[in-house]
Structures are given as C-alpha cells and as structure tokens.
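First to last, the sequence lines map onto chains A and B.
Everything in the first sequence is counted per the working numbering, starting at 201 for the first residue and increasing by one.
Everything in the second sequence is counted per the working numbering, starting at 9 for the first residue and increasing by one.
Warning: the hint list may mix true and false statements.
As the list claims (entries may be wrong) - Here are some of the chain B residues that sit facing chain A, going by a computed Cβ distance under 10 Å: (1) Asp24; (2) Ala25; (3) Ala27; (4) Leu32; (5) Met58; (6) Arg60; (7) Met85; (8) Gly93; (9) Thr146.
Hints in this document: simulated from the structure, not taken from any laboratory.
Even for Gly, the Cβ is constructed at its ideal location relative to N, Cα and C.
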Amino acid sequence: MEGVMTSRSGVLESLRAEGVKSISPDCSKITVGMATCGIAQGARGIFAAIEEEVAASKLDIAVESTACIGFCQVEPIVEVYLPGKSRTLYQQMTPDKSRELVAATARGEVKKEWALCTVEGTAEGIPAMKEIPFYKKQLKVVTRNCGFISPRSIAEYIARDGYLALSKALGMKSDEVIDEMSHSGLRGRGGAGFPTGKKWSFARNAPGDQKYVICNGDEGDPGAYMDRAVMEGDPFAVLEGLTIAAYAIGSSQGFLYTREEYPLAREMMDNAIESAKKYGLLGKNILGSGFDFDVRITKGAGSFVCGEETALIASIEGKLPNPLPRPPYPAISGLFGKPTVINNVETLATVPQIIRNGADWFSSMGTESTKGTKIFSLVGKINNNGLVEVPMGISLREIVFDIGGGIPKGRKFKAVQSGGPSGGLIPEECLDTPVDYEHLEALGAIMGSGGMIVADDKTCMVDMTKFFFDFLNYESCGKCAPCREGIRQAHDILEDICSGEGKEEDLETLGELAHTVKDFSLCALGGTAPNSLLTTLRYFKDEYYAHIKDKRCPAGVCKKLITYHVDPEKCSGCRVCIKVCPQGAISGELKKVHLIDQEKCIKCGACLEACKLDAIIVE
Amino acid sequence: MTGEELDSIIEEKGQDAPALVGILQEIQKREYCLPFKTLGMVSEKLDVPMSRLYGLATFYKSFTLKPVGRHTVDVCMGTTCYVCGGQLLMDRLLRDLHIPEGGTTSDRKFTVQPVRCLGCCSIAPVIRVDSDVFGHVTQNQIPKILERYE
Chain A
201 MEGVMTSRSG VLESLRAEGV KSISPDCSKI TVGMATCGIA QGARGIFAAI
251 EEEVAASKLD IAVESTACIG FCQVEPIVEV YLPGKSRTLY QQMTPDKSRE
301 LVAATARGEV KKEWALCTVE GTAEGIPAMK EIPFYKKQLK VVTRNCGFIS
351 PRSIAEYIAR DGYLALSKAL GMKSDEVIDE MSHSGLRGRG GAGFPTGKKW
401 SFARNAPGDQ KYVICNGDEG DPGAYMDRAV MEGDPFAVLE GLTIAAYAIG
451 SSQGFLYTRE EYPLAREMMD NAIESAKKYG LLGKNILGSG FDFDVRITKG
501 AGSFVCGEET ALIASIEGKL PNPLPRPPYP AISGLFGKPT VINNVETLAT
551 VPQIIRNGAD WFSSMGTEST KGTKIFSLVG KINNNGLVEV PMGISLREIV
601 FDIGGGIPKG RKFKAVQSGG PSGGLIPEEC LDTPVDYEHL EALGAIMGSG
651 GMIVADDKTC MVDMTKFFFD FLNYESCGKC APCREGIRQA HDILEDICSG
701 EGKEEDLETL GELAHTVKDF SLCALGGTAP NSLLTTLRYF KDEYYAHIKD
751 KRCPAGVCKK LITYHVDPEK CSGCRVCIKV CPQGAISGEL KKVHLIDQEK
801 CIKCGACLEA CKLDAIIVE
Chain B
9 MTGEELDSII EEKGQDAPAL VGILQEIQKR EYCLPFKTLG MVSEKLDVPM
59 SRLYGLATFY KSFTLKPVGR HTVDVCMGTT CYVCGGQLLM DRLLRDLHIP
109 EGGTTSDRKF TVQPVRCLGC CSIAPVIRVD SDVFGHVTQN QIPKILERYE
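Please take these sequences and the hints and turn them into a complete structure.
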C-alpha cells in the first residue's frame, strides 16, 4: 500500500509543479480564449497577431490559449498575466488592439481602457471579477477551470487540484464513494435530475462481471452549450469524473458519446484521454491501485433523440437509435445488456469536486431539493450573453436582469424559455421564482440541460411554439404514435394559426393533443414535448387570440399577418433599403421618403436590417 | 471507394458495433455521401444487413444518399438562432442560390441545410460553411461570406 501511495503522489507532484509554472510563469503571459465561439469571433487572428508581435520584437512573453470564460458577449477575450502584479481580462479585442496590448505588456503596464476585470491581483481603475455585474452573483464550481487553464495541459489541471479526487477515491471502498455521492445530493444535470448516487448504487449492485459507464456528451438541446464549453475548457475534469464513476460501480470500460457538431470538444477529449493514459491516470493499474479503466470515444451523426439514454445506447451499439421502454433501466440492463451508468458531462465534471471537497461542502450550496450549482446558457434577447454558473435557488429575475443585464435596445422582456424544446416559456410575473427542479416544474417548464433563452416583445410566442413543434416533429424517432402523430398534428394547427387561418376551437384541440402526447408517449421526448405549448396557452393566450380573432401578430413575426412600411417621419431618403431589397419593391428618390410596394414585398427583412434610422415599421 | 480504401477505414475504426457509425461518417466525409455500392461493401465486410445500414443512413442528419456540394452551408436552426432571425438567413441563402432547403447548386459548389444548434448561441444567428463558424450574421452579409469559397 505504501508503494502505491508513493507512485501516486510522485506522478501528480511532478506534474503539479510543472503546471504551477506554466499557469504563472516567471515572465509575462498572454492567453487568448479560443473555444468555438471565441474562434468564430476572430480569436485565431488575434492569437496570430500576438505571436507575431512577440516574435518580431523578441519579447520574453509566453503566449497561450484557453477556452471559454463564460462572458461570450465580450469575446474575443484576452488575458494578460503580469508576474507579481495582476492577471487581467481584456474584452472585444482585435488584432490591432492586441499588438498594442503586447507592447504594453512588455512594459509591464495594463491597458485600463480595454480591460474587463482582474481575475488575480489588482490594477488601478480596473474592477475585480467579483465586482462586475455579470460575475457578481455567479459561483464557479463546475466552470472553475474553464478559461483559466490550457485545456490541453494535464499539468495545469493538476496544478489546480486535478486528480486529487481520483487519488482519494482509489483509497476509498467503492461503496464509500457512492455514499459520498448520495450524501452530496447531486442530481443529474442532463435534464431528468435523477440522484447520481442512487444511479451508481443500482449499477454497483446489479449482477454482472462486465459493467459500463457512459459520458453523455450529446448536448442536443438547441440553446444549451455548457457541455461543449466544459469539454472544451476542462476536459480532464470530465474524464476524472468518469473514471471515478467507473471505479465506484466496478467498470473497466467507458464510452464518451460526443456530437458531430462539436469537433473541438472531441479534439480536447481525445487529447485528455491520450495524456491521462501517458501518465498512468487511465489504462491499466491506474496510479498503482490495481484498478483498470479505459475510455473509447464514439461520435453521434446528428440526432436529438440520442440524448435519451436508451437511444444513446442503441446508437453506440450501431443500431437505429429508437428509445426503448424502461424498465429495465440501463443501470440494470444497458449497453450490450450489461449494467450501465450514463451521466451527463456537467454531472461528471462535478464529481471530482464532491469527492475532493466532501459531500457536506457541496450540499451546503443550493436549495433543500436541489443542491449545488447549475450552468445556464443565457442567450437570445439579452444584454450579457454567456454561460453563467449560479447556486441553485437564485431567482430567474436575478439571472435575467442582474447577471444578464436585461433586454437590449430598451425593449421589453416577454419570456424566458427554460429547458430546451422540451421546456416551457416563463412570463414576467413568474420571474421571482427560485431556480430548482421543483419550482421550474411547477411553472410548467423544466430545468433541462440549462438553456435559458430570453425573448423580448419582438418574439412571437405562437411562432416560437411552432418552432419547437417543428423541431420535435423532425426529431421524433417515429416509434410511438402519440409522439409521432400528436406532435405533427399540433404543429399543423400552429402553422394554421400563424398563417391567420386559425379557429377558436383550435385552442381546445391543442390543449387535448398536448395532454395526450404528454401522457402516452414512450420516452421523455414526447413526454415533455408539449411543455412549450402548455405554457404559452397558460401565460400568453392573448397572443393566440390576436392571431386567431384579429389576424394580427403583435410581435411582428408571422409573415402572413404582417406588412412592412416606411415611417415617413424617420425616413431620410438615403436609398440604402432600395439597394438591399431583392425584389425591387422599394422606390423613392434621394432625400425623399421611400415607399414599399406591398405586391412585390416578400417580407424578407433585408430593408429592416439595413436601415440605420429605424424607419422601417413592421406591423 | 475501392475495397482497399474501405479496409483501411475499417482497420482504423474497428470491426465491432460501436465502430459502425464512425465508419459511415468517414465514408460520408470522403465521398460526400453514402453511395449504395459502398454500403454494399460495408454490409458484406462487417456482416451487417443492408436494411440496417439504410436505416442508419437515413436516420442521422449528417448522412446523405445523394452527394452534397464541395462546400456545405449549415444554417443553425437552434432556438436562439431562430429567435434572432436564422430563418431569414436560410430564406436569403435559398433565394440567392436558387435551391430548396437541403439542395445543392447545379455547379455542385454549395449545399445548404439546416442544422440543429451548433452550440454558439451567444453569437446567434450563426451559419457554418464547412468548418468555419460565422456569428452575428446579417442577411446582407451573406453574399460576402459565400464569395470566400471557391
């Protein structure tokens, strides 16, 4: 046993020293946020500009990349570390600004005017991370490393206490690990909220010599991207969590199921698996403990239903991913008929921290029924777009207005959509509800995987519901009739309403359909599909009536019910709209008010987008 | 695709069930579709019935039986992109390229298809051309974006 302990600490200690050095080197260091969204915003060009500038001036500055620090609104984000002074984040960088930043860094100076906040140390005139509204109410637990370390570096992960949990778990009995998880109160973050410890103990106690663990990285919920961010930003945490799960249930083989749409996440996970193998943290005899565990990555090919666990298992088995009735649950009979634990990415990334800091630490955060923190993707019509991690129990209002900064362009808040296509739309009057599984369900929504899409008064609730039904109609596997036929039928009725052909009795039919689909579908896809419909019927019935009775779309979205006009008060006659109109539907001379020919107009919105004076009216 | 090429894919991906979807993905990548002839070879080599392969090929969105263009334009139709005007981008692309949704231009240059969330919701609306992601796209930018591709 003594030998085991020595070899364990030996590997970890030398890597830790290396990691500490690379996070905080003796020289200055510039780090560029290069997750998928950062790259889309131009991070690659910034990285290249910085490297070029450092090389050209032969500066002693390290240049690194990291992942997403959450505040996507102000990407591209660059971090500058000045040893002994501060670590500062800079927002909305460009290649030109970055070159100047390199010069300032070489002089040991900060650029106050571009700074977002400091994450370490202090700098005059720059607020600390904890002081700015976006981060003030956040609590970084699962995302503690995202944007702070190089996701390719196992050494940096270990320098921030990575693999201490695995090392600790391997010294515990597997039952003790499961007890700790149960005691923590952690519930699955993929959507269903099933207690993780309980799931593990079912699989642990199920008979069978071969068992499997699967990391569900099939984040198919449109509007949610926290799993992508965690895989891209802290892949070793996911892998460590999966390894601990395997040890707890007695599994030697794991699978990681990723999406085709997330190539960078897969690259990071691939790299993490290779590195962990190299240092004996994966493979045979992990850390000298005698425990063997290997992980294989499989990639989905584009299917929402594969996030459902029985469908996901079928997909890995190379079969058609149709969900199966449960029971038997995968924990008893899963992959290839063997006991299988499937956990979501965020859940697994939480596991190492619970083992390391203890169940009591974790359960001290959150509410009575829902412990810990949750990452939400706060997106849509919101000022501060991004990934936010908050303690459970925070109110929706705090998330939308304090963290999110409210609605852009002075528009009015209408609803927040929680839980993806299976979730519901929550109106203004319910915003003081604390966020946990039970409270969101009482509102008719669900937590789901954590998508929070904010809608303003220019978002049509009927159209948005139609969108979800279109999505689910496409993604329904078609196996059971209530889901396949019910969703299609409801979609067609919603389409009629959006086209101005709805009838008053349609609302009753929609209500009936919703309950049939909810109650009689085979899997959770159908079981939760009607939530958007039920909540909009409950909270936004007026909007349905406006479409049906007045043949009007109050938000100005449904094409058949709206027209485009030029506001003569605001139009300066600049001819910009005339140039972009694909139909030649707009006429008018320079400096004279323009006119839209309703016969020719296809309501494509090109003029609305191009007009700088807000002179195009949609009603 | 020759039998040898397929053999090398199978050798890399593995022969067992969990490797199957990965093998099809590699074929799709190289041939721009899943040709029946190649599926037939897969069926023989891996002893998987053709009906199963056809099922997989038509179930998953990223597989096609007809060849796609040299560049694939994915228009994100996730919730956030939809709320922020993704449908208008799709309409514009189809109008400019004179193709239906999922269609390929006659010169085989572009295929335009909807995709269910690229996970870039913070910069919605988003389109992806091959592996390049463009955020905050406006419809009047579309001609410029397409111009970049040969």
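Verification of the supplied hints:
A cut of 10 Å between beta carbons decides the hint on B/Asp24: the least distance to chain A is about 8 Å, and the hint holds. A distance limit of 10 Å between C-beta atoms decides the matter here; for B/Ala25 the minimum to chain A is near 4 Å, and the interface restraint holds. Taken as an interface hint, B/Ala27 checks out: its beta carbon lies about 8 Å from the nearest beta carbon of chain A, inside 10 Å. The restraint placing B/Leu32 at the interface with chain A holds, with a minimum CB-CB distance near 7 Å, inside the 10 Å limit.
Given hint, B/Met58 at the interface with chain A, is violated; its Cβ is 14 Å from that chain's nearest Cβ, farther than 10 Å. Interface restraint check: B/Arg60 against chain A, minimum CB-CB distance 7 Å, threshold 10 Å, status holds. Nearest Cβ of chain A to the Cβ of B/Met85: about 8 Å, under the 10 Å cut. The hint holds. Given the 10 Å rule on beta carbons, the hint for B/Gly93 holds: about 7 Å separates it from the nearest Cβ of chain A.
Satisfaction of the interface hint for B/Thr146 is found here, the shortest Cβ-Cβ separation to chain A being roughly 5 Å, below the 10 Å cut-off.
When each numbered hint is compared with the structure, a violation occurs for hint 5 only.
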